[in-house]
Amino acid sequence: AQSVTQPDIHITVSEGASLELRCNYSYGATPYLFWYVQSPGQGLQLLLKYFSGDTLVQGIKGFEAEFKRSQSSFNLRKPSVHWSDAAEYFCAVGPYDKIIFGKGTRLHILP
Amino acid sequence: DAGITQSPRHKVTETGTPVTLRCHQTENHRYMYWYRQDPGHGLRLIHYSYGVKDTDKGEVSDGYSVSRSKTEDFLLTLESATSSQTSVYFCAISESIAGDPYEQYFGPGTRLTVT
Numbered sequence: 001a002q003s004v005t006q007p008d009i010h011i012t013v014s015e016g017a018s019l020e021l022r023c024n025y026s027y028g029a030t031p032y033l034f035w036y037v038q039s040p041g042q043g044l045q046l047l048l049k050y051f052s053g054d055t056l057v058q059g060i061k062g063f064e065a066e067f068k069r070s071q072s073s074f075n076l077r078k079p080s081v082h083w084s085d086a087a088e089y090f091c092a093v094g095p096y097d098k099i100i101f102g103k104g105t106r107l108h109i110l111p
Numbered sequence: 001d002a003g004i005t006q007s008p009r010h011k012v013t014e015t016g017t018p019v020t021l022r023c024h025q026t027e028n029h030r031y032m033y034w035y036r037q038d039p040g041h042g043l044r045l046i047h048y049s050y051g052v053k054d055t056d057k058g059e060v061s062d063g064y065s066v067s068r069s070k071t072e073d074f075l076l077t078l079e080s081a082t083s084s085q086t087s088v089y090f091c092a093i094s095e096s097i098a099g100d101p102y103e104q105y106f107g108p109g110t111r112l113t114v115t
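Residue numbers (the working numbering), protein chains in the order written: chain A, 1 to 111; chain B, 1 to 115.
To be clear, the hints were calculated from the coordinates, so they are not data collected in a lab.
There could be a bad hint or two in this list.
The calculated lysine-lysine pairs, modelled on DSSO-like cross-linking and capped at a C-alpha distance of 27 Å, are [what the hints assert, rightly or not]:
id, chain 1, residue 1, chain 2, residue 2
1, A, Lys103, A, Lys61
2, B, Lys57, A, Lys98
3, B, Lys70, A, Lys98
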C-alpha cells in the first residue's frame with residue numbers, strides 16, 4: 001500500500017536561511033510525487049511534481065525537490081526563505097485514481 | 001488558477017440534519033475528489049469520481065455519499081450530520097494523461113460545523 005511520511009510536524013527557520021522539508025514514501029512502482037503548499041485559510045497550491053526524468057525538479061516560488069529512489073525520499077528545498085513562505089506543506093504520492101497525502105509540515109519563519 | 005468553486009463556503013448545521021456540499025468546475029476535468037482536512041490528519045479522501053455517474057469510496061467514506069450527474073458538478077452529502085464531521089472540506093479536480101490522473105487542483109474549501 002502506498003503511504004507518505006513527513007517526519008517533521010513543525011519546522012522553524014530564520015528568514016534568509018535555507019530550508020529542507022523531508023518526505024518519505026512507500027510505493028510499489030515508480031511513484032508520481034507532489035509537493036503542495038497551503039497558506040492559512042486557503043486551499044492547496046501545487047508547488048512541483050515529479051513523474052519521470054530528471055530527479056531534481058524545479059517548482060514555483062523558488063522551490064525545488066529531489067527524488068531519491070534508493071532512499072524513497074522526495075525532500076523539498078529552498079535556498080533562502082522569505083516571511084511569505086510561512087505555511088503548511090504537504091507531500092503526496094500517486095498515481096492511479098487516488099493520491100495519498102502526508103500529514104503536513106508547518107513552516108514558521110523567524111524575522 | 002483552476003476554475004473550481006465550492007458552495008457554501010461556511011455552514012453551521014445541527015446534528016442529525018442532512019447537508020449537501022457542492023463542487024463546480026469549469027475545466028472539464030474527468031476526475032473529481034472530496035477530501036476532509038482535520039488537524040493532525042492532513043487530507044483524507046472521502047470519495048472520488050472518474051467520470052459522470054462513476055464514483056468510488058476513499059478511506060473515510062462512512063456517513064458520506066456523492067453524486068455526479070454532470071461533468072462539472074460533484075456533490076457531497078452528509079446523510080445525517082454528526083459532530084465528528086465538523087471539518088474543512090476540499091474539492092479537487094484532475095485530468096488524466098495516458099489513463100493516469102495528473103496533478104490535482106484544489107478548491108477554496110468549505111468549513112462545516114456540526115453543533
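Each hint, compared with the structure:
1. A/Lys103 - A/Lys61: Answer holds: A/Lys103 to A/Lys61 is near 22 Å, not above 27 Å.
2. B/Lys57 - A/Lys98: holds, 10 Å
3. B/Lys70 - A/Lys98: holds, 21 Å
Hint compliance for this structure: every hint is met.
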